[in-house]
Structure formats: structure tokens, C-alpha cells
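Student: All chains, please: the whole structure from these sequences, using the hints.
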Amino acid sequence: AQSVSQHNHHVILSEAASLELGCNYSYGGTVNLFWYVQYPGQHLQLLLKYFSGDPLVKGIKGFEAEFIKSKFSFNLRKPSVQWSDTAEYFCAVIIFKAAGNKLTFGGGTRVLVKP
Amino acid sequence: SAVISQKPSRDICQRGTSLTIQCQVDSQVTMMFWYRQQPGQSLTLIATANQGSEATYESGFVIDKFPISRPNLTFSTLTVSNMSPEDSSIYLCSVEQGNWETQYFGPGTRLLVL
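Top to bottom, those sequences are chains X and U.
Using our numbering, read the first sequence as starting at 1 and increasing by one per residue.
Using our numbering, read the second sequence as starting at 1 and increasing by one per residue.
None of these hints come from the bench; they were simulated from the model.
Treat the hints loosely; a few may be bogus.
[Unchecked claim] Going by beta-carbon spacing under 10 Å, a handful of chain U positions derived as facing chain X:
no.	residue
1	Leu45
2	Pro71
3	Phe75
[What the hints assert, rightly or not] Derived Cβ-Cβ restraints for the label pairs, each shown as a range:
no.	chain 1	residue 1	chain 2	residue 2	range
4	X	Ser80	U	Asp64	47 to 55 Å
5	X	Gly100	U	Asp26	23 to 31 Å
6	X	Gln45	U	Ser27	39 to 47 Å
7	U	Asp26	X	Phe51	23 to 31 Å
8	U	Ser27	X	Lys102	15 to 23 Å
9	U	Pro39	X	Gln45	18 to 26 Å
10	U	Pro67	X	Ala98	22 to 30 Å
Treat the numbers as computed from the prediction; the structure is a model and nothing was measured.
Here a beta-carbon is modelled for each residue, glycine too, at the ideal position from N, C-alpha and C.
Tutor: Put into C-alpha cells, the structure is as follows:
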């Protein structure tokens with residue numbers, strides 16, 4: 001079965017530190033890739049997405065992600081985090097199949113940024 | 001983009017009862033989805049609801065437990081039937097606008113079953 005894996009369940013870091021969250025998926029066909037963020041008490045918001053072109057994509061709030069096809073990875077990065085980046089981050093993949101496309105989520109990573 | 005609203009935003013229910021959650025979108029969409037987010041966990045797809053056809057359920061979810069209606073291109077309902085405490089979750093409605101480039105999510109319905 002296709003799956004999406006996020007390596008870290010919890011990350012704690014200080015303001016101004018750099019953040020990298022890992023995401024791997026297991027599917028060899030065509031995919032669209034996403035990172036969503038869920039701030040405390042709020043609903044899911046799209047951070048960034050990739051479906052073709054430059055594998056380095058930039059999203060909102062200074063986030064970026066790099067698609068490495070050979071590694072089936074789509075890691076999220078931010079050079080310098082702020083306290084307001086405290087949230088849960090979800091990697092998600094749309095897998096294109098004849099039986100129907102489906103958006104599948106990773107397990108999520110809770111990020112706590114200490115002021 | 002699509003703006004999605006859900007009702008109710010939260011509810012506390014007794015076991016054995018049923019709750020119907022409504023999802024309203026501000027534009028016509030072909031595909032609507034229902035997800036569940038159990039406490040401390042990620043989102044799991046319950047079913048895909050296309051207007052004019054029966055909903056397609058994912059493994060582990062059945063129509064008798066989670067009946068879905070999709071009467072038009074802007075509205076859907078999900079019913080959680082014969083509830084038990086294990087059904088306590090956030091239920092989210094989601095839409096895709098036709099090109100699989102972005103999927104939008106509603107604010108969710110937070111359900112607690114006692």
C-alpha cells in the first residue's frame with residue numbers, strides 16, 4: 001500500500017534555529033506533493049505544493065521544500081523559525097491512479113518553537 | 001480558492017446516537033471528501049463524495065456507519081451513526097477543484113462521544 005512517512009513526531013527548537021522536517025512517500029508513479037500546517041486551534045492551511053518544474057518550491061511564511069525524486073522525498077525547511085511557527089505540520093501526497101486519485105497524509109510533526 | 005464551512009463546529013453526544021455534519025462550499029466542486037482526525041493523529045480519508053453517485057468508502061469505513069449525502073455541487077453531509085467513544089474525533093470536509101493541484105479543507109467538526 002502507498003504510504004507517507006514523516007520521520008519526526010515532535011521537534012522542539014529555539015527561535016532563530018533552522019528547521020527541517022522529513023517526508024518520504026512510497027509510490028513510483030505520478031504524485032503531487034504538499035505540506036500543510038495546522039496552528040493551534042485552527043484548521044489546515046496549505047504551506048506549499050509541488051507538481052512539476054523546479055524541484056525547490058517556496059511557500060508562505062518563509063518555508064521551502066525540495067522534491068528529490070530518486071529518494072521519494074519532499075523535505076520541508078525554514079532557515080530561521082519564529083515562535084509563531086509552533087504548529088503541527090503534515091506532508092501529503094496525491095497519488096494518481098486509474099481507480100481514483102487520493103490525498104494521503106503523513107503522521108504529522110508537532111513543532112514547538114521556544115521563545 | 002474555495003471557502004468551506006461546516007456545521008456544527010463542535011458537539012458532545014451520547015453513545016448510541018447519531019450526528020449529521022454539514023459541509024457547505026462557496027463554489028461548485030465535483031469532488032468532496034470527508035476525513036477523520038482522531039486525537040493526536042493524522043488525517044484519514046473516510047470517503048469520496050461525488051455529486052450524482054454513491055460515495056466511495058476507504059478501507060475500514062462503511063456506509064452504514066458513515067452515510068454520506070451529496071445532493072448538489074456545493075453541499076454534502078456526513079452522518080456518524082450509532083456513536084461510541086471511539087468516534088470522538090475531528091471530522092473535516094475537503095474539496096478539490098478539478099486539477100488536483102490544491103485541496104481545501106473546512107474548519108472541522110470536533111465531536112466528543114460520552
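Student: Take the hints in turn and mark each one as holding or not.
Tutor: Okay, the hints, checked on the actual structure:
For U/Leu45, the shortest C-beta to C-beta distance to chain X is roughly 6 Å, which falls under 10 Å, so the interface hint holds. Annotation: interface hint on U/Pro71 violated; nearest CB of chain X at approximately 21 Å, more than 10 Å. Contact between U/Phe75 and chain X, as hinted, is not supported at the beta carbon level, the nearest pair being about 19 Å apart and thus beyond 10 Å. Between X/Ser80 and U/Asp64 the beta carbon distance is about 51 Å. The supplied range of 47 to 55 Å therefore holds.
The supplied range of 23 to 31 Å is met by X/Gly100 and U/Asp26, whose beta-carbon atoms lie about 25 Å from each other. With their beta carbons about 18 Å apart, X/Gln45 and U/Ser27 fall outside the hinted range of 39 to 47 Å. Range check, U/Asp26 to X/Phe51: Cβ separation about 24 Å, and the 23 to 31 Å hint holds. At roughly 22 Å, the beta carbons of U/Ser27 and X/Lys102 sit within the given window of 15 to 23 Å.
Checking the proposed 18 to 26 Å range against U/Pro39 and X/Gln45 shows it holds: the Cβ atoms sit about 20 Å from each other. Taking 22 to 30 Å as the suggested C-beta distance range, the pair U/Pro67 and X/Ala98 conforms, at roughly 27 Å.
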